[in-house]
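Q: In case you want the letters, here they are:
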Amino acid sequence: DAGITQSPRYKITETGRQVTLMCHQTWSHSYMFWYRQDLGHGLRLIYYSAAADITDKGEVPDGYVVSRSKTENFPLTLESATRSQTSVYFCASSELWDTQYFGPGTRLTVL
Amino acid sequence: GDSVTQMEGPVTLSEEAFLTINCTYTATGYPSLFWYVQYPGEGLQLLLKATKADDKGSNKGFEATYRKETTSFHLEKGSVQVSDSAVYFCALSLNSGNTPLVFGKGTRLSVIA
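Chains as they are written, first to last, in our numbering: chain H, 1 to 111; chain G, 1001 to 1113.
It is worth saying that the hints were derived from the structure and are not from the lab.
Model, not experiment: these values are computed from the prediction.
Take these hints with a grain of salt, some might be off.
[Said to hold, decoys possible] A few chain H residues facing chain G, derived, Cβ under 10 Å:
| hint | residue |
| --- | --- |
| 1 | Trp-27 |
| 2 | Tyr-64 |
| 3 | Gly-105 |
[Claimed, not checked] Ranges of calculated distance between the beta carbons of each label pair, as one might list FRET restraints:
| hint | chain 1 | residue 1 | chain 2 | residue 2 | range |
| --- | --- | --- | --- | --- | --- |
| 4 | G | Gln-1081 | H | Leu-39 | 20 to 30 Å |
| 5 | G | Thr-1026 | H | Asp-56 | 20 to 30 Å |
| 6 | G | Glu-1069 | H | Ala-2 | 35 to 45 Å |
| 7 | H | Ser-80 | G | Glu-1069 | 47 to 57 Å |
| 8 | G | Glu-1042 | H | Arg-83 | 19 to 29 Å |
| 9 | H | Asp-53 | G | Ser-1079 | 45 to 55 Å |
| 10 | G | Glu-1069 | H | Ile-12 | 16 to 26 Å |
| 11 | H | Thr-86 | G | Gly-1061 | 34 to 44 Å |
| 12 | G | Gln-1081 | H | Asp-56 | 35 to 45 Å |
| 13 | G | Ser-1003 | H | Val-88 | 20 to 30 Å |
| 14 | H | Ala-52 | G | Ser-1014 | 48 to 58 Å |
| 15 | G | Gly-1061 | H | Thr-15 | 26 to 36 Å |
| 16 | G | Glu-1016 | H | Asp-56 | 43 to 53 Å |
| 17 | G | Gly-1001 | H | Thr-86 | 25 to 35 Å |
Don't be surprised by glycine CBs; every beta carbon is placed ideally from N, CA and C.
Put together the whole structure using the sequences plus the hints.
A: Below, the structure written as structure tokens:
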């Protein structure tokens, strides 16, 4: 299917475990983004990527790792999950610094 | 730095009421401006955008005009429906350099029948 997908849609994990959230887009967009959404904070940018093998930190990168070996994929890894990382995570892509297309989100709960 | 300020919600309206959600921005240069909408349980999707001063973006009965003199991009709809209940985000893009979209914190709209 064309578009941007995220997996899993829901994840429950425990403190200290490693978790990887997947993001895949079929448009061959150059730019990809990871956001977290929390009540009272709106959307906060975690990491973004302008092309394969190019990534940059956003507003709240601590505790997260990203990679982008292929244009279409942009996984986000929590190396040692903490309760404060309980959130809804959105991936997005765009061709320019312009309209972004968002995935459906992953709801992550860290116990 | 560059920023977007939206009116705080939640906003609760009756069906067929007039809607205004205020958005003002601070930016160096000449940004493009956007409104995104997030329906319950979904990701954000573009509602409308404007790329230069005095442009009007419109979609699904919603409108917003890019006002450079007041640095504003207020969202309006003449007659809201229950199906418009969602969270609305104002955002800006600087069109140059290496800066992603800057989002406001969002305004939750609830429309009651």
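Q: Take the hints in turn and mark each one as holding or not.
A: Results of checking the hints against the structure:
no. : hint                                : verdict
1   : Trp-27                              : violated, 14 Å
2   : Tyr-64                              : violated, 16 Å
3   : Gly-105                             : holds, 5 Å
4   : Gln-1081(G) x Leu-39(H): 20 to 30 Å : holds, 25 Å
5   : Thr-1026(G) x Asp-56(H): 20 to 30 Å : holds, 22 Å
6   : Glu-1069(G) x Ala-2(H): 35 to 45 Å  : holds, 41 Å
7   : Ser-80(H) x Glu-1069(G): 47 to 57 Å : holds, 50 Å
8   : Glu-1042(G) x Arg-83(H): 19 to 29 Å : holds, 25 Å
9   : Asp-53(H) x Ser-1079(G): 45 to 55 Å : holds, 49 Å
10  : Glu-1069(G) x Ile-12(H): 16 to 26 Å : violated, 50 Å
11  : Thr-86(H) x Gly-1061(G): 34 to 44 Å : holds, 36 Å
12  : Gln-1081(G) x Asp-56(H): 35 to 45 Å : holds, 40 Å
13  : Ser-1003(G) x Val-88(H): 20 to 30 Å : holds, 23 Å
14  : Ala-52(H) x Ser-1014(G): 48 to 58 Å : holds, 50 Å
15  : Gly-1061(G) x Thr-15(H): 26 to 36 Å : violated, 46 Å
16  : Glu-1016(G) x Asp-56(H): 43 to 53 Å : holds, 46 Å
17  : Gly-1001(G) x Thr-86(H): 25 to 35 Å : holds, 28 Å
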